[in-house]
Amino acid sequence: MFTTPIFGLYYYYEQRLVSLPLLNVRAEASIKELAAQVQLTQTYANDATFPIEAKYSFPIPARAAVCSFVMIKQDGSRVVGIVQEKQEARETYNTAVAQGQQASLMEQQTPDVFLVSVGNIPPNEQVKIELVYATELSEDEESDSIRFHLPVHIGARYGNSPQSPPSLFRNVFISASSPTPFLNISMSIEAQAPISKIGSPSHTVSTELGPDPKLPNFKELPFSNYARVSLSSDSALDKDFVLTVKSAGLDAPRCIAELHPVDDTVAMGLTLVPRFKLPDVSRQEFVLLVDRSGSMGGKRIEAAKKALIVMLRAIPHQDSLFQIVSFGSRCTALWPDGSRPYNQETLEQATRHVDSMRADYGGTEIRAALRQCFQTRKLDRPMSVLVLTDGDAWDLEGVLSECKGAVATAPEKAYLRVSVLGIGNSASTAMCEGIARVGNGTCMMVGEEETSFTGKIARMLKATKAPLISNITVDWGSPAAAALQEKAKVSISTEDDDDFEIVPQAPEKKKLNIFDESIDDAMAVDTTQAPPPPAVVLSPPPAVQQSPFKIRNLLPNIRLNVYAILRGKTIPKTVTICGTTVDGAEIELPVPVTLSHLQNTPGAPPAIHALAARKIIQDLEDGQHDTAIVKTLANADDADLLARTVKASIVRLGKTYSISSSHTSFVAVDETKPEASAEPVVLLVAPQQRPPFHGASFALSALAQPVAAFGPPPVPQAYIASPMQQQMLARPAAMSFGSSSAVGSRGRGGASPFVSASMAPQGHAAPAFDSFGPPRPAPTSPVATFDSFGVPATSASIFGGPPRPAPTSPVAKSKRKASTAFASPAPSADPLEALARLQAFDGCFSLEVLSVVKLSTDVQTVRAVFPAGAPDAVVATVIAMAFLANKLGTAVERDAWEGMYEKAQQYVEAALQTIGATESVEALEAKVAKLLV
Numbered sequence: 001m002f003t004t005p006i007f008g009l010y011y012y013y014e015q016r017l018v019s020l021p022l023l024n025v026r027a028e029a030s031i032k033e034l035a036a037q038v039q040l041t042q043t044y045a046n047d048a049t050f051p052i053e054a055k056y057s058f059p060i061p062a063r064a065a066v067c068s069f070v071m072i073k074q075d076g077s078r079v080v081g082i083v084q085e086k087q088e089a090r091e092t093y094n095t096a097v098a099q100g101q102q103a104s105l106m107e108q109q110t111p112d113v114f115l116v117s118v119g120n121i122p123p124n125e126q127v128k129i130e131l132v133y134a135t136e137l138s139e140d141e142e143s144d145s146i147r148f149h150l151p152v153h154i155g156a157r158y159g160n161s162p163q164s165p166p167s168l169f170r171n172v173f174i175s176a177s178s179p180t181p182f183l184n185i186s187m188s189i190e191a192q193a194p195i196s197k198i199g200s201p202s203h204t205v206s207t208e209l210g211p212d213p214k215l216p217n218f219k220e221l222p223f224s225n226y227a228r229v230s231l232s233s234d235s236a237l238d239k240d241f242v243l244t245v246k247s248a249g250l251d252a253p254r255c256i257a258e259l260h261p262v263d264d265t266v267a268m269g270l271t272l273v274p275r276f277k278l279p280d281v282s283r284q285e286f287v288l289l290v291d292r293s294g295s296m297g298g299k300r301i302e303a304a305k306k307a308l309i310v311m312l313r314a315i316p317h318q319d320s321l322f323q324i325v326s327f328g329s330r331c332t333a334l335w336p337d338g339s340r341p342y343n344q345e346t347l348e349q350a351t352r353h354v355d356s357m358r359a360d361y362g363g364t365e366i367r368a369a370l371r372q373c374f375q376t377r378k379l380d381r382p383m384s385v386l387v388l389t390d391g392d393a394w395d396l397e398g399v400l401s402e403c404k405g406a407v408a409t410a411p412e413k414a415y416l417r418v419s420v421l422g423i424g425n426s427a428s429t430a431m432c433e434g435i436a437r438v439g440n441g442t443c444m445m446v447g448e449e450e451t452s453f454t455g456k457i458a459r460m461l462k463a464t465k466a467p468l469i470s471n472i473t474v475d476w477g478s479p480a481a482a483a484l485q486e487k488a489k490v491s492i493s494t495e496d497d498d499d500f501e502i503v504p505q506a507p508e509k510k511k512l513n514i515f516d517e518s519i520d521d522a523m524a525v526d527t528t529q530a531p532p533p534p535a536v537v538l539s540p541p542p543a544v545q546q547s548p549f550k551i552r553n554l555l556p557n558i559r560l561n562v563y564a565i566l567r568g569k570t571i572p573k574t575v576t577i578c579g580t581t582v583d584g585a586e587i588e589l590p591v592p593v594t595l596s597h598l599q600n601t602p603g604a605p606p607a608i609h610a611l612a613a614r615k616i617i618q619d620l621e622d623g624q625h626d627t628a629i630v631k632t633l634a635n636a637d638d639a640d641l642l643a644r645t646v647k648a649s650i651v652r653l654g655k656t657y658s659i660s661s662s663h664t665s666f667v668a669v670d671e672t673k674p675e676a677s678a679e680p681v682v683l684l685v686a687p688q689q690r691p692p693f694h695g696a697s698f699a700l701s702a703l704a705q706p707v708a709a710f711g712p713p714p715v716p717q718a719y720i721a722s723p724m725q726q727q728m729l730a731r732p733a734a735m736s737f738g739s740s741s742a743v744g745s746r747g748r749g750g751a752s753p754f755v756s757a758s759m760a761p762q763g764h765a766a767p768a769f770d771s772f773g774p775p776r777p778a779p780t781s782p783v784a785t786f787d788s789f790g791v792p793a794t795s796a797s798i799f800g801g802p803p804r805p806a807p808t809s810p811v812a813k814s815k816r817k818a819s820t821a822f823a824s825p826a827p828s829a830d831p832l833e834a835l836a837r838l839q840a841f842d843g844c845f846s847l848e849v850l851s852v853v854k855l856s857t858d859v860q861t862v863r864a865v866f867p868a869g870a871p872d873a874v875v876a877t878v879i880a881m882a883f884l885a886n887k888l889g890t891a892v893e894r895d896a897w898e899g900m901y902e903k904a905q906q907y908v909e910a911a912l913q914t915i916g917a918t919e920s921v922e923a924l925e926a927k928v929a930k931l932l933v
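Quick note, the sequence shown lines up with residues 1 to 933 if you use the UniProt record's numbering.
One or more of the hints may lead you astray.
Lysine-lysine pairs mimicking DSSO-like chemistry, simulated, CA-CA at most 30 angstroms apart [unchecked claim]: (1) Lys-32 <-> Lys-655; (2) Lys-378 <-> Lys-413; (3) Lys-128 <-> Lys-655; (4) Lys-462 <-> Lys-197; (5) Lys-128 <-> Lys-673; (6) Lys-573 <-> Lys-246; (7) Lys-887 <-> Lys-197; (8) Lys-197 <-> Lys-128; (9) Lys-673 <-> Lys-246; (10) Lys-128 <-> Lys-73; (11) Lys-219 <-> Lys-128; (12) Lys-197 <-> Lys-214; (13) Lys-378 <-> Lys-462; (14) Lys-219 <-> Lys-32; (15) Lys-246 <-> Lys-197; (16) Lys-277 <-> Lys-413; (17) Lys-73 <-> Lys-673; (18) Lys-219 <-> Lys-246; (19) Lys-655 <-> Lys-277; (20) Lys-462 <-> Lys-128; (21) Lys-930 <-> Lys-854; (22) Lys-73 <-> Lys-214; (23) Lys-197 <-> Lys-219; (24) Lys-246 <-> Lys-214; (25) Lys-569 <-> Lys-655; (26) Lys-413 <-> Lys-219; (27) Lys-277 <-> Lys-378; (28) Lys-647 <-> Lys-673; (29) Lys-462 <-> Lys-573; (30) Lys-550 <-> Lys-673; (31) Lys-246 <-> Lys-378; (32) Lys-128 <-> Lys-32.
Since the hints were made in silico from the structure, they are not lab data.
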């Protein structure tokens with residue numbers, strides 16, 4: 001028996017699976033400042049002698065808006081998709097396929113996974129699916145750098161997918177191999193200031209500076225503001241493509257306006273990275289919620305542990321509570337009795353706990369873990385939950401509902417914020433960004449190759465310590481916008497009524513007479529039909545549609561994006577951000593407006609309109625909506641009517657701005673009358689083997705999990721294999737094309753981007769099947785974990801070296817003073833992590849810091865620059881500060897160590913006051929820095 005990887009799409013013919021090859025994938029992206037427009041083209045070929053129907057899935061970032069969908073026939077004719085209500089689009093597609101017409105349907109499964117169906121692909125023909133999406137770009141490590149992310153696979157997510165894969169068949173027939181090159185990526189980049197850095201942490205790319213010579217005025221354009229990036233591969237990518245661009249001024253406030261070419265509207269995109277400093281929240285509870293499911297094995301869990309070591313040192317040491325919670329198939333807390341005060345003893349306990357972590361918790365039950373954190377929280381102070389996860393779970397709606405409910409019911413003085421760090425290529429952007437969005441927190445993403453992300457996690461923690469800024473509004477520079485601003489102030493200052501969700505009151509209980517003599521026939525059936533539900537009546541779109549409808553967060557060093565669609569063609573000259581701090585200070589920041597000249601893909605709607613509409617739809621899906629929606633209801637207490645009104649509003653936005661959503665889909669139907677032909681064969685998606693262990697995601701490619709086959713299967717009568725194809729069937733697994741996909745996790749199923757669940761084949765009954773198998777008991781010890789490529793890692797560090805010993809039970813030890821540091825349990829090659837392990841909870845260091853920091857002289861010479869009576873702890877702490885600020889290197893961002901530095905500075909300032917010294921901390925640090933190697 002041998003295993004043969006299956007390529008592309010599949011159809012079911014005479015009890016066999018036959019593959020439909022994916023020939024080519026091409027991505028063309030245009031990046032301008034903080035937004036991008038991406039055109040994705042996928043080419044498939046039906047080399048059978050009969051028409052077939054194919055289905056496959058593909059990912060896009062959750063923050064993106066799919067705004068164009070085209071099916072291109074082999075003769076070059078384009079069948080343009082239109083947006084319809086989801087069920088209507090499905091009926092249109094089914095009707096067209098039943099009539100023999102070539103058609104295509106694109107439906108949203110989750111905000112970051114879409115399913116495409118292509119019906120009646122003619123025999124021996126190719127078909128292209130071309131879609132365009134607009135997306136805003138996220139920040140990278142620095143506030144003046146941006147990150148472009150092109151997903152190339154769908155992670156092996158835990159739980160039940162919207163459509164489960166079909167049963168695993170053993171008779172598999174390979175149709176053809178993919179020609180080269182398989183994948184092409186080309187990108188054009190434009191910035192308002194010179195581009196200082198371009199890089200890809202995921203792939204080797206070709207970069208060429210300067211504008212595209214194809215532009216008519218390229219000689220007049222500033223050379224350093226433009227660049228082109230390309231990548232060509234003869235095999236499918238096995239990891240997401242990430243590109244980072246750094247340019248001066250990307251963090252500056254700006255507002256871009258875009259006129260719609262047809263509609264009487266103006267779309268606005270406002271963005272900035274706030275720069276301000278307010279006193280930290282004085283007392284708070286911090287919960288570090290760590291994903292230890294099997295998919296976090298290898299590099300992910302090691303990088304998470306490294307970040308946690310640094311993060312623990314940045315927690316404020318005065319009046320803070322903290323807790324570490326691990327989750328997977330089960331959920332455990334470091335301290336079962338609840339969060340504990342932050343001090344030297346608890347810091348040491350937490351450090352040992354982090355060192356003992358393994359990815360051995362099975363599945364990814366993130367909703368239950370969040371619920372436990374919310375239920376056990378203290379209600380006398382604010383709480384910040386920081387989630388580290390690879391985000392691989394299908395239960396998006398349940399997780400977001402859990403967060404929304406907890407945030408809405410939190411007391412005003414004990415508010416709740418949930419932030420997320422998404423780890424790895426397969427992390428669901430819909431899950432990670434959604435949790436942060438409804439949790440009033442922040443979200444950052446790191447790729448598989450980023451083994452250190454302490455800078456990002458330090459920025460997240462810094463944001464959690466910032467106090468709330470209330471009544472944040474945007475004056476869009478028009479009378480209608482001013483009215484919206486006043487309405488938002490009123491809505492925030494009243495009850496913040498759970499995002500205007502209407503909860504119907506329980507009806508009064510009725511009494512039933514079980515012997516009513518007025519009824520002649522007790523067996524008579526009432527044939528009166530129930531009245532139809534009240535019709536949904538939508539008022540015209542408001543003069544200003546803004547997203548987020550309520551701006552709940554304005555945090556230092558965390559980018560704020562606000563969108564709006566204004567009625568009319570008047571472009572305001574300035575927009576103004578307003579707000580109020582906790583101490584009553586007023587915020588007012590005017591931002592000039594610039595008209596966008598971004599060239600859109602022909603046939604696609606304008607990018608900023610698409611992004612604004614997608615964000616407004618996202619608000620509606622989250623339950624954030626204008627009070628005007630409630631006012632249009634005939635009965636404000638009718639929850640069903642409210643839900644149908646919200647759905648109607650989403651459908652209207654989707655149709656108006658050509659946006660796919662939870663309630664709208666693209667459908668393209670070729671109106672050409674088909675010739676009489678055989679009944680189409682239904683294509684099945686790539687079957688997934690039941691994964692035996694918890695591993696990483698499946699590659700987003702034309703390659704699925706290898707399927708066992710007992711020798712070359714019989715060839716279907718309607719299909720004859722070529723000699724090359726017959727050779728493919730006899731190939732051993734070691735010689736298979738493409739890259740091998742990783743094993744899945746316990747209770748998980750994965751899919752390539754172009755392979756997904758499909759309906760049962762026509763004329764054949766789909767056998768009953770459990771797509772994920774029976775649940776396995778959670779492992780009780782880290783016997784074997786698997787890295788991101790399915791390689792057993794056991795208990796050894798993924799970064800090399802001997803296996804880490806299993807954690808032992810705590811031993812008795814003498815009490816230590818809170819201001820003394822403790823030694824690292826294991827040496828670290830990373831100086832930042834090594835220093836973090838040496839810092840005490842109150843910020844000080846001992847002279848053991850000299851094991852990391854090297855002096856150019858002896859310790860006595862260093863002591864001589866300090867005032868008389870300065871203890872060793874002060875000397876050591878200033879040495880550490882000087883090293884962090886001057887010697888750590890430019891490769892480590894300031895955000896990564898700033899929390900540690902600030903605590904150390906506070907400790908030294910207090911110690912100098914105690915001994916009556918007049919020297920400043922800055923002066924001492926400058927002297928010590930000169931004595932470092």
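Comparing the hints with the structure gives:
1. Taken as a hint, the Lys-32 and Lys-655 pair is honoured in the structure, with Cα atoms around 26 angstroms apart against an allowance of 30 angstroms.
2. Distance restraint check for Lys-378 and Lys-413: the Cα-Cα separation of roughly 12 angstroms lies within the 30 angstroms cut-off, and the hinted pair is therefore satisfied.
3. Our distance criterion of 30 angstroms between C-alpha atoms is met by Lys-128 and Lys-655, whose separation comes to about 24 angstroms.
4. Proximity of Lys-462 to Lys-197 is assessed by CA-CA distance (about 26 angstroms); at most 30 angstroms being required, the pair is judged to hold.
5. Of the supplied pair hints, the one linking Lys-128 and Lys-673 holds, its CA atoms being roughly 20 angstroms apart against a limit of 30 angstroms.
6. As the CA atoms of Lys-573 and Lys-246 are separated by approximately 28 angstroms, the hinted pair is consistent with the 30 angstroms bound.
7. This hinted pair checks out: Lys-887 and Lys-197 have alpha carbons roughly 23 angstroms apart, not beyond 30 angstroms.
8. Annotation: proposed proximity of Lys-197 to Lys-128 is violated, straight-line Cα distance about 35 angstroms (limit 30 angstroms).
9. In summary, the hint linking Lys-673 to Lys-246 is not supported, as the alpha carbons are separated by about 52 angstroms, beyond the 30 angstroms threshold.
10. Straight-line distance between C-alpha atoms of Lys-128 and Lys-73 comes to about 7 angstroms, which keeps the hinted pair within the 30 angstroms bound.
11. With a CA separation close to 35 angstroms, the supplied pair Lys-219 and Lys-128 exceeds the 30 angstroms bound.
12. Taken as a hint, the Lys-197 and Lys-214 pair is honoured in the structure, with Cα atoms around 23 angstroms apart against an allowance of 30 angstroms.
13. This hinted pair checks out: Lys-378 and Lys-462 have alpha carbons roughly 21 angstroms apart, not beyond 30 angstroms.
14. Note on Lys-219 and Lys-32: the hinted pairing holds, with a Cα-Cα distance of about 19 angstroms set against a maximum of 30 angstroms.
15. Taken as a hint, the Lys-246 and Lys-197 pair is honoured in the structure, with Cα atoms around 5 angstroms apart against an allowance of 30 angstroms.
16. Under the criterion of a C-alpha separation no larger than 30 angstroms, the hint pairing Lys-277 with Lys-413 is consistent with the structure, at around 21 angstroms.
17. Proximity of Lys-73 to Lys-673 is assessed by CA-CA distance (about 14 angstroms); at most 30 angstroms being required, the pair is judged to hold.
18. Taking the CA atoms of Lys-219 and Lys-246, the gap is near 23 angstroms; set against the 30 angstroms cutoff, the hint holds.
19. For the proposed pair Lys-655 and Lys-277, the alpha carbon gap of about 43 angstroms is over 30 angstroms, so the pair is violated.
20. Simply put, Lys-462 and Lys-128 have alpha-carbon atoms about 47 angstroms apart, too far for the 30 angstroms limit, and the pair is violated.
21. The hinted pair formed by Lys-930 and Lys-854 meets the criterion: a straight-line CA distance of about 12 angstroms does not exceed 30 angstroms.
22. A distance of roughly 28 angstroms separates the Cα atoms of Lys-73 and Lys-214; the hinted pair therefore holds under the 30 angstroms criterion.
23. For the suggested pair Lys-197 and Lys-219, the alpha carbons sit about 22 angstroms apart, so the restraint of at most 30 angstroms is met.
24. Proposed proximity of Lys-246 and Lys-214 is supported: the alpha carbons are some 24 angstroms apart, at most 30 angstroms.
25. A threshold of 30 angstroms between alpha carbons decides the hint, and for Lys-569 with Lys-655 the separation of about 21 angstroms falls inside it, so the pair holds.
26. Restraint check: the Cα-Cα separation between Lys-413 and Lys-219 comes to about 59 angstroms, which exceeds 30 angstroms; the hinted pair is violated.
27. Distance check on the hinted pair: Lys-277 and Lys-378 sit about 27 angstroms apart at the alpha-carbon level, within 30 angstroms; holds.
28. The straight-line distance between the Cα atoms of Lys-647 and Lys-673 is roughly 35 angstroms, outside the 30 angstroms bound, and the hint therefore fails.
29. At roughly 34 angstroms between alpha-carbon atoms, Lys-462 and Lys-573 are farther apart than 30 angstroms, so this suggested pair is violated.
30. Straight-line distance between C-alpha atoms of Lys-550 and Lys-673 comes to about 50 angstroms, which puts the hinted pair past the 30 angstroms bound.
31. Restraint check for Lys-246 and Lys-378: the C-alpha separation of about 42 angstroms exceeds 30 angstroms, so the hint is violated.
32. Taking the CA atoms of Lys-128 and Lys-32, the gap is about 27 angstroms. The hint holds against a cut of 30 angstroms.
Against the hints set out earlier in the document, violations occur for numbers 8, 9, 11, 19, 20, 26, 28, 29, 30 and 31.
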